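Visitor: Take the given structure of chain A and dock chain B to it, following the hints.
Protein chains: 2
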Amino acid sequence: MISVNEDYLKLRGSYLFSEIGKRVNAYAAAHPEKSIIRLGIGDVTRPLPPVVIDALHKAVDEMANEDTFRGYAPDLGYEFLRSAIAEWDYKKRGCDISPDEIFVSDGAKSDSGNIQEIFGRGCKVAVCDPVYPVYVDTNVMSGRAGTYIEETGMWDNIIYMPCTKDNGFAPCLPKEVPDLIYLCFPNNPTGATITKSELQKWVDYANKNGSVILYDAAYEAYITEEDVPHSIYECEGARECAIELHSFSKNAGFTGLRLGYTVIPKSLVRDGVMLHSLWARRHGTKYNGAPYIVQRAGEAIYSEEGQAQIKETVDYYMRNARIILKGLHGAGYEVSGGVNAPYIWMKTPFKLKSWDYFDSLLSQANVVGTPGVGFGPSGEGYFRLTAFGKYENTVMAINRIRSI
Amino acid sequence: MISVNEDYLKLRGSYLFSEIGKRVNAYAAAHPEKSIIRLGIGDVTRPLPPVVIDALHKAVDEMANEDTFRGYAPDLGYEFLRSAIAEWDYKKRGCDISPDEIFVSDGAKSDSGNIQEIFGRGCKVAVCDPVYPVYVDTNVMSGRAGTYIEETGMWDNIIYMPCTKDNGFAPCLPKEVPDLIYLCFPNNPTGATITKSELQKWVDYANKNGSVILYDAAYEAYITEEDVPHSIYECEGARECAIELHSFSKNAGFTGLRLGYTVIPKSLVRDGVMLHSLWARRHGTKYNGAPYIVQRAGEAIYSEEGQAQIKETVDYYMRNARIILKGLHGAGYEVSGGVNAPYIWMKTPFKLKSWDYFDSLLSQANVVGTPGVGFGPSGEGYFRLTAFGKYENTVMAINRIRSI
Numbered sequence: 004m005i006s007v008n009e010d011y012l013k014l015r016g017s018y019l020f021s022e023i024g025k026r027v028n029a030y031a032a033a034h035p036e037k038s039i040i041r042l043g044i045g046d047v048t049r050p051l052p053p054v055v056i057d058a059l060h061k062a063v064d065e066m067a068n069e070d071t072f073r074g075y076a077p078d079l080g081y082e083f084l085r086s087a088i089a090e091w092d093y094k095k096r097g098c099d100i101s102p103d104e105i106f107v108s109d110g111a112k113s114d115s116g117n118i119q120e121i122f123g124r125g126c127k128v129a130v131c132d133p134v135y136p137v138y139v140d141t142n143v144m145s146g147r148a149g150t151y152i153e154e155t156g157m158w159d160n161i162i163y164m165p166c167t168k169d170n171g172f173a174p175c176l177p178k179e180v181p182d183l184i185y186l187c188f189p190n191n192p193t194g195a196t197i198t199k200s201e202l203q204k205w206v207d208y209a210n211k212n213g214s215v216i217l218y219d220a221a222y223e224a225y226i227t228e229e230d231v232p233h234s235i236y237e238c239e240g241a242r243e244c245a246i247e248l249h250s251f252s253k254n255a256g257f258t259g260l261r262l263g264y265t266v267i268p269k270s271l272v273r274d275g276v277m278l279h280s281l282w283a284r285r286h287g288t289k290y291n292g293a294p295y296i297v298q299r300a301g302e303a304i305y306s307e308e309g310q311a312q313i314k315e316t317v318d319y320y321m322r323n324a325r326i327i328l329k330g331l332h333g334a335g336y337e338v339s340g341g342v343n344a345p346y347i348w349m350k351t352p353f354k355l356k357s358w359d360y361f362d363s364l365l366s367q368a369n370v371v372g373t374p375g376v377g378f379g380p381s382g383e384g385y386f387r388l389t390a391f392g393k394y395e396n397t398v399m400a401i402n403r404i405r406s407i
Numbered sequence: 004m005i006s007v008n009e010d011y012l013k014l015r016g017s018y019l020f021s022e023i024g025k026r027v028n029a030y031a032a033a034h035p036e037k038s039i040i041r042l043g044i045g046d047v048t049r050p051l052p053p054v055v056i057d058a059l060h061k062a063v064d065e066m067a068n069e070d071t072f073r074g075y076a077p078d079l080g081y082e083f084l085r086s087a088i089a090e091w092d093y094k095k096r097g098c099d100i101s102p103d104e105i106f107v108s109d110g111a112k113s114d115s116g117n118i119q120e121i122f123g124r125g126c127k128v129a130v131c132d133p134v135y136p137v138y139v140d141t142n143v144m145s146g147r148a149g150t151y152i153e154e155t156g157m158w159d160n161i162i163y164m165p166c167t168k169d170n171g172f173a174p175c176l177p178k179e180v181p182d183l184i185y186l187c188f189p190n191n192p193t194g195a196t197i198t199k200s201e202l203q204k205w206v207d208y209a210n211k212n213g214s215v216i217l218y219d220a221a222y223e224a225y226i227t228e229e230d231v232p233h234s235i236y237e238c239e240g241a242r243e244c245a246i247e248l249h250s251f252s253k254n255a256g257f258t259g260l261r262l263g264y265t266v267i268p269k270s271l272v273r274d275g276v277m278l279h280s281l282w283a284r285r286h287g288t289k290y291n292g293a294p295y296i297v298q299r300a301g302e303a304i305y306s307e308e309g310q311a312q313i314k315e316t317v318d319y320y321m322r323n324a325r326i327i328l329k330g331l332h333g334a335g336y337e338v339s340g341g342v343n344a345p346y347i348w349m350k351t352p353f354k355l356k357s358w359d360y361f362d363s364l365l366s367q368a369n370v371v372g373t374p375g376v377g378f379g380p381s382g383e384g385y386f387r388l389t390a391f392g393k394y395e396n397t398v399m400a401i402n403r404i405r406s407i
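One line per chain: the protein sequences are A and B, in this order.
Heads up, the first sequence is in this note's numbering, so the first residue is 4 and it goes up one at a time.
Heads up, the second sequence is in this note's numbering, so the first residue is 4 and it goes up one at a time.
Same shape as in the complex, but just chain A:
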C-alpha cells in the first residue's frame, strides 16, 4: 500500500520564511500605497562584486566555445575552487584542511539540510534555542525529532540548548550527551558569538563523548573581534569531531547565485566509518555539482582584489548594523548582536509576543523583521533584524520604529 513520508506530515505549518512572505504579501496587496522595508529574511541587497561579475562573463564566454565548454563538474567541485578555499579560508588561518576535504555545493542551506542524512536515524540531535529552522525541520523530516509538544513548542526527542540573556546567548554544554550538535557562530538569529577558548570546550566535549559538531560558519566574514574564531578548525582536535559548513551568500552576495561548501576532514570517523566517504557518496548519487560559471565566480573572491571588494560589502552592512544597534538602543530597546554578525536581536517592547510584534511593526511602521519565536521557544518575545538592507532603507526603518 502506498504511503507518504509520515515524518513530513509532522512538520509544523510552513517554513518560517515562507510564512513571513505570505503575511507580507497579504499586507502589501491590501495596502499597495505603503512602502515596506524588509529587514526580515537574511537576503542581501548589494550587487555582486566586480571581480565576480568579470569572472562570470569570462566563464560564460568559455561555455560558448566548443574548445572551452565544460559539461559535468567533478563530484566534489573543481580543483581550482577547492584549492583556493583551502589556501585562503584555512591555510592562511593556520588550519590544516586539504582541498580534497572540501565539498563544493549549491549553498549552505542545502548542505545543512542534507548533512543529517549520512547519520543513523537513531542519532540524538542538539540544537541551540533559538536556532536556524532548517536544522530542526530536516531532522523532523528524517524522524529524529520525536513528537511536537504544543505546550513547550519543542520536539520531545531533540535536546534544546537555551541561548538567553543570562548566558549571553551562547549555549552551555548539554548534560545529556547528544550525538549531533549543531552550532552556528557568529549566530543566526541572535548575532552572538563565542571566543576561541569557549569553542575549544565544545570540541573537547565532542571528542570526549564521541559526538559530531555540525559547525555553521556562514557568517564568519562579519567577525570584527580578535578572539573570535573564523573556523572551528582553529581549535585543537576539531579534525576529529567537526564538520564545517560555509556559504558564499553573506560575504560575497551569492544568495541568488548559489554556492557553498562543506568540510569533512578525513580523520573524522564514527561507527568505524569515514564520514567523508559517506558525504562523497551522497554528492555522487544525489547531486551533480555547482555550475562551472558559479564556481569560477566563487574562485574570484580569493584574490587580494576580491577580498578587498567583499570587505567593502561587509563594511556596508556592518554600518547598517551599527545604525540599528545604536538607533534602537538609544530609543530604549534592549538589543544585542550586530558586532560580529549582520543580525540584531531585540527584545520586543511591552513583552509583546514575537508574532504580535511582527504584525504590529508591519502595519504601523511597514517594517518587516523576523519573529524570534520562529527560531525556537527561547526566541519568544524577541525579534531579529538584519543589516542586509540598503543603507537608506535601514536608516528609514529605524526612524520609523523609533517613532511608534
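Simulated from the structure, these hints should not be mistaken for laboratory data.
Treat the hints with caution; some may be incorrect.
Remember, identical chains collapse to one label, so a pair may be satisfied in a single copy or spanning two.
Mimicking DSS-like on lysine-lysine, the simulated pairs with C-alpha atoms at most 27 Å apart in a straight line are [to be verified]:
no. : residue 1 : residue 2
1   : 94        : 350
2   : 269       : 13
3   : 127       : 13
4   : 269       : 25
5   : 178       : 314
6   : 168       : 356
Bear in mind the structure is a predicted one, so any value in this text is a computation, not a measurement.
Guide: Positioned in the frame of chain A, the structure of chain B alone reads:
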C-alpha cells in the same frame, strides 16, 4: 550512541560513472600518449546555444547593479521560467499543466534522487532493468531496497522489470503491484521508447492500483517518431498518477550549468495528501532555488529562435547516433536505440561480459563506453554508447571499434 546511516553502507561499490572515471583516469595515466574518445558518460560536448549565452551575459549584468540585483529566488522557481515551461512544454502539446505545478531545480539527477523522500519508507519500488543507477541507489540509501543478492545482482525488495531484446527493451506491466514505478522514455540506457498507447496502459495500471509513476522525460527532445509521447501528461489520467522529471542538460547542453524541473499536478493525491505540498515543503526546507542567471538561461530556449538553436544541437548529436548505429550494424554488431534517443545499446561481441568489454575496448580502441551491467543485471552482455561526442571523434571511435 552515534551511528551512521546504515542504508548508505549497503551501497555497492562506487557510483557507476565514478568507477568508469577511475578506470579511464588510471588507463590515461599509464598511457599518456593515447588519445581516448569518451562515449561513456552522457555528457554533452556542444557549446551552449547563442540565445543562452546572451541571456547569461544579460542576467550577469543585472546582478552587477543594485537596482536589478536578485537575491534568493522564489521557492518554486521564477514565474517567468515556470510560465515559459508551462506554455512551451505542455500547453503547446495539449497537456494541462499550470505554472504552479512546476518546480524548478538544479537538475533531473537531484530531483530523481530526492523525489523518493516524500514517500513512505515502506513503499515498494519497481524499476526497469537495466536502469539509470540513481533510481536504485537512492532507494537503497533510504532503506527501501532490502538486501543485495550477489547471485542475481538484484536487491530483494525491488521489483525489476526486465527490458530485453524479447520485449523490445520496453518493460511489461509487473504482476506484483509496486507503489512507485520509475519509467524513463526515451530510455536511458537502452535508447528504446514506447508509443503513446503503450504508455496509456501504464497510466491506467497506476490509476487502477494506486501506484505513482515517476516519469523521467530527460530525453524527450530526441524523439523523432510521431506516435512517441513527449510527456506522460499526453495520456489521459496522468494528472492523477504521474510525476514528471525534466532536464535542460540534454536538449540545451546544461550539464555544466545545472537546471531541471519536476511537475507534480495538484490532483495527484495519495494517502490523503497532495504530493505537490510535500515536494513544496522539501524545496522550501532543503533547497534554495536555482541561480537567477541560470533560470534566465533556461527561459531563453523558449522562443522560436531558442527552439531552432536547440534543434540544431539535437540534430548534431542525432547524426552521431546514425553513424554509430549504421557503423556498428554494418560491422555485424547487434545494436538498438539511437532513433528517438542519444543512446545506442549494443550487444557485446563474443558474449563478453560488459566490464570485460569495457576494459578491452578501452585498451584496444581507446574508446570509453558504459558497461550495460552497470545499469542492472539484464544489462550484462550489453554496452551503451552515447551520441554526445564530437562528430569527428564519433566517426573515429566507430572506425576504431570496427577495426578491432
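Visitor: Work down the list of hints and note, for each, if the structure agrees.
Guide: Evaluated hints:
1. 94 with 350: neither (40 Å within a copy, 52 Å between copies)
2. 269 with 13: between (35 Å within a copy, 21 Å between copies)
3. 127 with 13: Intra 18 Å, inter 22 Å, cutoff 27 Å: intra and inter.
4. 269 with 25: This pair counts as between: shortest inter-copy Cα distance 20 Å, intra-copy 43 Å.
5. 178 with 314: neither (40 Å within a copy, 63 Å between copies)
6. 168 with 356: Within one copy only: 17 Å inside a chain, 68 Å across chains, cut-off 27 Å.
Consistency note: the structure conflicts with the earlier hints numbered 1, 5.
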